[in-house]
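*Asks:* Chain by chain, the residues:
There are 4 protein chains.
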Amino acid sequence: MTTFFRLSFFGLLVGLLAMTAAKPKRVVFFGDSITQAGIKPGGYIDRLKSMVPADQYELVGAGIGGNKIYDLFLRMDEDVLAKQPDVVVIWVGVNDVWHKATSGTGTDPDKFVRFYEAVVKKFQAANVRVVLCTPAAIGEKNDMTNQQDGDLNQYSQFIRDLAKRQNLPLVDLRKAFQDYNLKNNPENKDRGILTADRVHLNEAGNQFVADQMKTVLLQVK
Amino acid sequence: MTTFFRLSFFGLLVGLLAMTAAKPKRVVFFGDSITQAGIKPGGYIDRLKSMVPADQYELVGAGIGGNKIYDLFLRMDEDVLAKQPDVVVIWVGVNDVWHKATSGTGTDPDKFVRFYEAVVKKFQAANVRVVLCTPAAIGEKNDMTNQQDGDLNQYSQFIRDLAKRQNLPLVDLRKAFQDYNLKNNPENKDRGILTADRVHLNEAGNQFVADQMKTVLLQVK
Amino acid sequence: MTTFFRLSFFGLLVGLLAMTAAKPKRVVFFGDSITQAGIKPGGYIDRLKSMVPADQYELVGAGIGGNKIYDLFLRMDEDVLAKQPDVVVIWVGVNDVWHKATSGTGTDPDKFVRFYEAVVKKFQAANVRVVLCTPAAIGEKNDMTNQQDGDLNQYSQFIRDLAKRQNLPLVDLRKAFQDYNLKNNPENKDRGILTADRVHLNEAGNQFVADQMKTVLLQVK
Amino acid sequence: MTTFFRLSFFGLLVGLLAMTAAKPKRVVFFGDSITQAGIKPGGYIDRLKSMVPADQYELVGAGIGGNKIYDLFLRMDEDVLAKQPDVVVIWVGVNDVWHKATSGTGTDPDKFVRFYEAVVKKFQAANVRVVLCTPAAIGEKNDMTNQQDGDLNQYSQFIRDLAKRQNLPLVDLRKAFQDYNLKNNPENKDRGILTADRVHLNEAGNQFVADQMKTVLLQVK
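Residue numbers (our numbering), protein chains in the order written: chain A, 1 to 221; chain B, 1 to 221; chain C, 1 to 221; chain D, 1 to 221.
For reference, chain A alone in the conformation it holds in the complex:
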């Protein structure tokens, strides 16, 4: 190999490394109030920032309180695609179920799936890799007596089925929370284990979600 080629090869290598260093993966967390709170100090996104290589990941929050799947659909252009992300982590579903009871405006099961698929399809068309998450909890009681347990299980299953159907990475927070509560909630309390108020994450919950997210995120190429 001539000096010329050696230098060229070295330069190429440096260039590639430089490019890698210059272009960390942009990951947008797209969701509801749980994600909106996730960017605050101590929030799950904030925690994740110090858990993944800073030069390889740029983590961005895009959560808005009260959002359901069709809210995500309506604002995905402006709030996510405009940021040109490499990866989008979609975490939604609590309000689709909960709002049935609290305002009569939850999301029909079949419409939940259709809008979820539409969101995924549009991200994929823009070459954005998509990570799915199941909704974690509305109440932490571990004996399936939280009011929305059945419905939340149902909508989580829709997301699991979609992930399987399309071979998409999944953070199964619903299952992770239920397993955790079976072991760590001996008094069968409805909050205070991983959530502060049955839905929103407390300190332990933010760390727990960050841990779950990290495992899957590092596997996304």
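Because the hints were derived from the structure by calculation, they are not lab data.
Values in this document were obtained by computation on a predicted structure and should not be read as measured data.
Careful, some of the hints might be misleading.
The list cannot tell twin chains apart, which means a pair is met if one copy fits it or any two copies do.
Distance condition first, Cα-Cα at most 25 angstroms in a straight line; then the derived SDA-like pairs of lysine to any residue [claimed, not checked]:
| hint | residue 1 | residue 2 |
| --- | --- | --- |
| 1 | Lys111 | Arg191 |
| 2 | Lys122 | Asp110 |
| 3 | Lys122 | Gly42 |
| 4 | Lys111 | Asn188 |
Put chains B, C and D on the given structure of chain A with help from the hints.
*Replies:* Just chains B, C and D now, kept in the frame of chain A:
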């Protein structure tokens, strides 16, 4: 012992037996549309009639479609106490949960307990023995993904707690249905195992409920 | 007339006056959060106290947040009859309608009437005079575009019909609020005229309700 | 004018007429169960067919039971745009309001407007002229005591505002039905005037809607 006394004693015995034969236990089944259908040919009450000694039990239906616990409270004087029952089997709860979604007029958890206690108390004050039942099902899927599973579990637990607190006989239909579906619903269907339409009993369901009821009923003195 | 009789007559008069002075009418205001707030300084009950003769009326609050008609039924013995009132002012209905949307546990129209009648009947059996009120508002827009306007009108009509049927005094707050807003809410705002938050009274609202209540209260013998 | 030009002019005229005759306006009626029933014999679309010139209008139904505004959004490509209509008459809103009470899956007010605007925008981008309609009724009582009157008024107002904002033709069926019932429903019945069941059109209702639709349709160029 003289002949006179012997005959008197014999007469007394015959009289007592006659009275026993003449006064079977009157059992009123007090509930919603499931119980309303229970008196039809093939219904669970109709089936029970041929499963218990006819000279010892008089079975009466008092079910009205759509009833919740406070409907039972409002009509218990007229529809049950007026019939001077010995035993009342209370089977209610499906509509207390279901109507939250279908008309916005379900029953608050704490109010469900308070009215249930008020109904029991009033029966006991009239020397009527009370048998409690848990609501069986709104959907038969066996993996806790029926929309109302969490809430129905919660209200069933209220009834179990009340039965335990007051030492009352309980027909735990919720648990019986769930156990049955785990074994006999391999395709995880939402109806067609013990119900015709997710809620109301099919033929197998009527027989199953009659079996469960019989076991407890025969133990009530 | 002899001195004896004159003195006797005078004594009787003094006695009667003394009794009157010693026994002002005890009026219990029985309702929800609006009435719970009514006893605070500036609340409608607090204002009424300085608007009626203090030696003739003793005004007592018995409001609990979130109460519907059947909550009143469940607690009327303990919270009202135990206080041996002469008059009870029943003001309820907002939650019976509102909770349909906010928790799925509103009150069925026919059950609203039945429990309302049961409450009235029980007060009358205890020789307590009853004053009825219609629920004022969930939203103050004056063009019938508040979400619950239709339902609130319907339940108000039930109360008007009951008042008419039983010839009971009525404070028609629904009508009074609607008339007031037609004149005094030119921008068609949903709050800020007589309410602070679409439902609970602001300063003007508390005075307005006190005025309406006073007129009817002074006519109750 | 020479014979040549006379003949040319005549030919042009014939050609234009021929084109007109060959290409009637294709009008798609896009809505819910009311529109689904509208194509049946005696339905409002069926009636309209004999009320407008057959050579100028081709009327097509695209109604599906239970549809809300976002159902229309999800199926507009396949069910309407694929038919290459000249005009689309959008009539939706009853289920957006009604489903709040009957399944907890009504449409949020702000989301109703956003999806409605999205539907209109997409039709306009495809050069389809759009006609808007307000939802007629859930109950025909004329004193604003139908449960959903307030909410239906609110959503109707959203549609009126949108029509005004974008200068779009509007068939204000809500107003027309209310005016009609004030005059023709002296017993204040909740059905049987223009509807069979509070929502779906009876014979008079289908004719009434056809009349209202015709007036606006003939004005659309």
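*Asks:* So which of the earlier hints does this model not fit?
*Replies:* 3
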